[in-house]
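The lines below spell out each chain.
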Amino acid sequence: MKSYFWFVAKRAVLLVAVIFFGVSATFFITHLSPISPVETALGRIMNQSSFSPDAIEEMRRVLTDLYGTDRPLLQQYLTFWQKLAAGDLGPSLIAFPTPAMTLVMQALPWTVVLLLVSTMITFAIGNLMGAMAGYFQDNIALKAFGVVAVVLQPIPYYVVAFVLLILFGFVWPVLPISGGYAMDVAPGFTLSFVQSVLMHAILPAASLVLVGFGSWFLGMRALVSTVVTEDFVTYAELAGVRNSTIMGGYVIRNALIPQVTGLAMSLGAVFSGTIITEQVFNYPGLGSLLIDAVFGGDYALVLAVSTISIAAVGIAIFIVDLLYPLIDPRVKAE
Amino acid sequence: MFAVLRDLIRYNAEFAIGLVLVLSIIIFAMLSVFNPVDARLIFTTIPDQPPSAEFWFGTNSRGQDMFWQLSEAFRNSLMFGLTVAVISRILSISVGLLSGYIGGWTDRILMFINDIFVAIPIFPVLVLFYFVLRSDMNAVTLAFIMACLGWPYDARLIRSVALGLKHREFTRHAVFAGMSTRKILLEEHLPFVMPIVFSTFMNNMLWSIGLEVTLAVLGLTDINTPTIGTVLYWANSHSAMVVGVWWWIVIPVVLTALTFLGMFLLAVSTNEYIDPRSRLRRMGV
Numbered sequence: 001m002k003s004y005f006w007f008v009a010k011r012a013v014l015l016v017a018v019i020f021f022g023v024s025a026t027f028f029i030t031h032l033s034p035i036s037p038v039e040t041a042l043g044r045i046m047n048q049s050s051f052s053p054d055a056i057e058e059m060r061r062v063l064t065d066l067y068g069t070d071r072p073l074l075q076q077y078l079t080f081w082q083k084l085a086a087g088d089l090g091p092s093l094i095a096f097p098t099p100a101m102t103l104v105m106q107a108l109p110w111t112v113v114l115l116l117v118s119t120m121i122t123f124a125i126g127n128l129m130g131a132m133a134g135y136f137q138d139n140i141a142l143k144a145f146g147v148v149a150v151v152l153q154p155i156p157y158y159v160v161a162f163v164l165l166i167l168f169g170f171v172w173p174v175l176p177i178s179g180g181y182a183m184d185v186a187p188g189f190t191l192s193f194v195q196s197v198l199m200h201a202i203l204p205a206a207s208l209v210l211v212g213f214g215s216w217f218l219g220m221r222a223l224v225s226t227v228v229t230e231d232f233v234t235y236a237e238l239a240g241v242r243n244s245t246i247m248g249g250y251v252i253r254n255a256l257i258p259q260v261t262g263l264a265m266s267l268g269a270v271f272s273g274t275i276i277t278e279q280v281f282n283y284p285g286l287g288s289l290l291i292d293a294v295f296g297g298d299y300a301l302v303l304a305v306s307t308i309s310i311a312a313v314g315i316a317i318f319i320v321d322l323l324y325p326l327i328d329p330r331v332k333a334e
Numbered sequence: 335m336f337a338v339l340r341d342l343i344r345y346n347a348e349f350a351i352g353l354v355l356v357l358s359i360i361i362f363a364m365l366s367v368f369n370p371v372d373a374r375l376i377f378t379t380i381p382d383q384p385p386s387a388e389f390w391f392g393t394n395s396r397g398q399d400m401f402w403q404l405s406e407a408f409r410n411s412l413m414f415g416l417t418v419a420v421i422s423r424i425l426s427i428s429v430g431l432l433s434g435y436i437g438g439w440t441d442r443i444l445m446f447i448n449d450i451f452v453a454i455p456i457f458p459v460l461v462l463f464y465f466v467l468r469s470d471m472n473a474v475t476l477a478f479i480m481a482c483l484g485w486p487y488d489a490r491l492i493r494s495v496a497l498g499l500k501h502r503e504f505t506r507h508a509v510f511a512g513m514s515t516r517k518i519l520l521e522e523h524l525p526f527v528m529p530i531v532f533s534t535f536m537n538n539m540l541w542s543i544g545l546e547v548t549l550a551v552l553g554l555t556d557i558n559t560p561t562i563g564t565v566l567y568w569a570n571s572h573s574a575m576v577v578g579v580w581w582w583i584v585i586p587v588v589l590t591a592l593t594f595l596g597m598f599l600l601a602v603s604t605n606e607y608i609d610p611r612s613r614l615r616r617m618g619v
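As they're listed, the protein sequences go chains A and B. Quick note: the first sequence uses the working numbering, first residue 1, plus one each step. Quick note: the second sequence uses the working numbering, first residue 335, plus one each step.
Any given hint could turn out to be false.
Claimed, not checked - In silico EDC-like pairs for lysine to aspartate or glutamate, Cα to Cα no more than 20 angstroms straight-line:
no., chain 1, residue 1, chain 2, residue 2
1, A, Lys143, B, Asp449
2, B, Lys517, B, Asp441
3, A, Lys10, B, Glu522
4, B, Lys500, B, Asp556
5, B, Lys500, B, Glu521
6, A, Lys83, A, Glu57
7, B, Lys500, B, Asp470
8, A, Lys10, B, Asp441
9, B, Lys517, B, Glu503
10, A, Lys143, B, Glu348
It is worth saying that the hints were derived from the structure and are not from the lab.
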């Protein structure tokens, strides 16, 4: 128990370091940007209506004060952490004066749910099929499945998403191809809304699953095919243990361990996959928000989305790491 | 080296297919040397021509011959992937070998940095760099940034091998013979990790080209230089599929898929070759 505590403590230090360095890096990278948030905001406001030069000067003063761009970088950095601790990342520019944090919080659930559901489905299908393909190596159907996985696996996310879009948007239009829910349904916890959300999530999730399952499948197949040659499996077979028990209790359990590490590693990659997916299907998540922010020159919003995504991925990896010793009896949580 | 290659081609169908695919794509990309026009120019030929004897891959709505455009695009993308892979290999080999051989605090600190890099989501960081650099974002800068982000996982892999090598007899002999650390790492340990370096090299190229495609499709790179990603970007922004210029999307997608498949097969088969157990099974022992 004591060793598990130290293991958790060590991981927690790492988590804090990841978030600290990651967020600091994003802060300094954005502040090296030649784009001035004050001038961008002014330009945006002036586009909408005309102001007298005095009013513009006044607004510039207020905005400079708001973003604190006249102070030295180090002080801005400290203020940034102070505000971040209070959950404040300054007002967004593309939706001025809505706080960037509010926009992020609206988008976050969409991305998290899409990511969670598709990752879980992908992990489950890929590993189960992969384990079967590794165990029953002569099965024709599973072999064919392997070929499909090999061909699908290296294809970039974007291509698969685009093919789905063409198939279900133009060739056989049965599923909604854009947005998070239908426009004529009021958001709320009603049956029609939930139904609409689910329908809209099918294609984005399917594209993620299609691209993702291949690597799990191939990884698991390779792992299982090495585990089945281990002595303890041969003993179990000779002792007449049922096939299903050998596969579930002996083989999969042992082969799953590296796969769980892979799960942590892949989370960052899957995150970038959802950005494309969201962009292609116009899904209202963090990815769409990030792209809009980049093209709108929205300084505060870019910083907010990056901060949240670093924190989210960091925490997800932390959780997977904590589960690790529980799955693997050999790892004594050093 | 040649004997290994010959065996791989003879006994490993995956390797042979991968090699053929990758070689064909490389030849196709090399043809861009004979490209009669500057690939950055638009409206150099009749727009929207379907594939024919004159235009093998058709022409796009921007008046570019797709054959030359794609040839140039593949060359640029492959060069890009190669650059990223070479730089990040240097990083991962040095970190992996040093960390595994020296151990102690060097190991702890290097692996701590490694863990941080593993956990940082790369895509938002790349978007961030585009946000800052905008017009200065060219292929070289992007390659350098990606190389700095693409080493940690492979460094861990190399470290795990180096840890094993450290306790082998020959390492001790080398130490007693008075070899310097640098010499031991370069001359004694490096040859053992070369197979891993090769297979991760392929994976890293796949990763970086894929990421470049992703960024380019969103318009987050220098969109005027032809690469696999920018070809798709322009096709998408001209709604090629909807307008009916299908070859503009389908041909690059098929070629990309073949390239990725080829490199992936090479990576997988060399990876399997490294693992002696799966090699034995293949030989039917």
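Problem set entry | Indices of hints not satisfied (ascending) | Failing hints, ascending: 1, 3, 4, 6, 7.
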